[in-house]
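Engineer: Sequential numbering of the sequence shown, starting at 1, is according to the working numbering.
A couple of the hints might just be wrong.
Unchecked claim - Simulated crosslink set (SDA-like; lysine to any residue; CA at most 20 Å straight-line):
1. 81 to 23
2. 66 to 85
3. 81 to 117
4. 66 to 43
5. 81 to 18
6. 66 to 104
Hint data in this document are derived by calculation from the structure and do not stem from the laboratory.
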Amino acid sequence: MDIGELRSFLASPGEGLLHFDEDLLWRFHLAVSSNPMVLLAGLPGAGKTSLAVGYARYRTQDYEGKGHRLIHIRPEWNDSKALMGSYDNQRQEYLSTGFLDIVLAALRNPDKEFYVILDGVDLARPEHYLSDYLAALG
């Protein structure tokens, strides 16, 4: 991984002119490379989401924008339907979600990297909306 190239990519006009310290980029890269789930903490506006989305865009440039998904957590989420989808009995079909779509794409393409960025994890209780996903990781 070329951190200088990542830093240049993030600082480009198309990526919002983001500037991150190389040490931070290395630490983030090492965290993502060694753990399937990374939690970023910091003050609002510190760049947590921008860092994660920019990194994912850099790592998945050749996927035509389909290698990452930004999901904004909603305070009213009290179960996993918003992430995992649900079956609509009236229409007789499964209503998928962006989260489920990218998870399925990752399962179909195990040789590629995929990223899901959950923004605002603290806005709802993660043990409610992530319970099915965490159980599957188990």
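Engineer: Below or equal to 20 Å on CA atoms is what counts here, so check residue 66 against residue 104.
Structural biologist: With Cα atoms ~12 Å apart, residue 66 and residue 104 stay inside 20 Å; holds.
Engineer: CA of residue 66 to CA of residue 85, is that 20 Å or under?
Structural biologist: holds (19 Å)
Engineer: Regarding the pair residue 81 and residue 117, is the alpha-carbon distance no greater than 20 Å?
Structural biologist: holds (17 Å)
Engineer: Could you grab the alpha-carbon distance between residue 81 and residue 18 and see if it respects the 20 Å cut-off?
Structural biologist: violated (34 Å)
Engineer: Within 20 Å, alpha carbon to alpha carbon, are residue 66 and residue 43?
Structural biologist: violated (29 Å)
Engineer: Given the hinted pair residue 81 and residue 23, is their Cα-Cα distance within 20 Å?
Structural biologist: Between residue 81 and residue 23 the Cα gap is close to 38 Å, so the pair fails against 20 Å, i.e. violated.
Going through the hint list in order, the structure does not satisfy hints 1, 4 and 5.
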